[in-house]
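S.K.: Below, each chain spelled out in residue letters.
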Amino acid sequence: MTGLYVALGTVAVAMVFGLLVRTLGGRARPSTAGAVPDELRAALDPGAAVTLVQLSTEFCGTCKQTRVLLAEIAHGTAGLAHAEVDLTEQPELAKRLAVLRTPTTIAVDASGSELLRVGGIPKREELLTSLRPHLPA
Amino acid sequence: MPTPPDPRPSVDPRGPRFAAWLTSAVLVVVLATGWWPLLAAQAVVFALGGFAGLRYSPYAALYRVFVAPRLKPTDEREDAAPVRFAQSVGFGFAVVGVLGYALGITPLGIVATAFALVAALLNAAFGFCLGCEAYLLINRLSIKQRKVGTAR
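Listed in order, the protein sequences are those of chains A and B.
Here the first sequence is numbered in my numbering, starting from 4 and rising by one per residue.
Here the second sequence is numbered in my numbering, starting from 30 and rising by one per residue.
One or more hints might be untrue.
As the list claims (entries may be wrong) - Anything over 10 Å on all C-beta distances counts as not near chain A; from chain B, calculated:
hint, residue
1, A61
2, A69
3, L91
4, G121
5, V147
Unchecked claim - Going by beta-carbon spacing under 8 Å, a handful of chain B positions derived as facing chain A:
hint, residue
6, G63
7, L67
8, T103
9, F114
10, F157
11, E162
Derived from the structure by calculation, the hints contain no laboratory data.
Just so it is clear, the structure is predicted and the values come from calculations on it, not from any experiment.
Backbone N, C-alpha and C fix where the C-beta goes; we use that ideal spot for every residue, glycine too.
In isolation and in its complexed conformation, chain A is listed as follows:
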């Protein structure tokens, strides 16, 4: 009988978790991490005010969607660039960045400071609104 209750409880937990992921995922969170490691700095677009550095792995399910979305946003926004860093073979870098899930997108300004982070597929409008103060008018 215990097993049945556990089964029902597990289903409930999974549903709540799924709804949380759906509503909270993709939000831009302001960051206080400061200067990014050199590996990310090397990926920055020298001509852009802000580069969206997308962190991916080979085993990431939604990185492709994120790549398409960010490339499109960067293409249509002045001063914004998109770059991708694959962490599959760089677990040590992932640890330094404190990244546990992919895709994670880190917005970095031209001086190499981290502005904000997004876990999961970013929400387009919210991301653009958060980036606005850092982009050329």
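With chain A's structure known, arrange chain B on it following the hints.
M.R.: Same frame as chain A, now just chain B:
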């Protein structure tokens, strides 16, 4: 505009979704009954999909034979690598679960099966692949274990 062919293996995304629903149903039955041979069978399914390849998974075969012919064909493709990785993570949990039940450590069996059920349901109901998203976390934990192993 034709998209360039992607060299990486890919699948119809509805296949893994169907497999996730079947997996969820199987795991609910395992939890409700505690009948561990069924969990062992699910472990074999995970192993086939994760290690041999998705096409060898019995659930994928069911999808191809019974479900796909009733659906509209799709051009949508999903990379196979994340799905396979998630299957191998599922295999790990299923093996721990089988050991728990079979060795009489029932709480271990229940907890491992419940974790696998959460992951399967998230995939089935929300299209959220927990194993894929958490690759870095899983990788970090397994690297720690390797270090522990070599230090001994």
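S.K.: Give a verdict on every hint.
M.R.: Going down the list of hints, with the structure as the test:
1. A61: The claim is violated: B/A61 sits with its nearest Cβ about 4 Å from chain A, within 10 Å.
2. A69: For B/A69, whose nearest Cβ neighbour in chain A is about 16 Å away, the distance exceeds 10 Å, so it holds.
3. L91: holds (22 Å)
4. G121: holds (14 Å)
5. V147: The assertion about B/V147 is violated, with a minimum of 4 Å to chain A.
6. G63: holds (5 Å)
7. L67: At 12 Å from the nearest chain A Cβ, B/L67 fails the 8 Å test, so the hint is violated.
8. T103: violated (15 Å)
9. F114: holds (4 Å)
10. F157: holds (6 Å)
11. E162: holds (4 Å)
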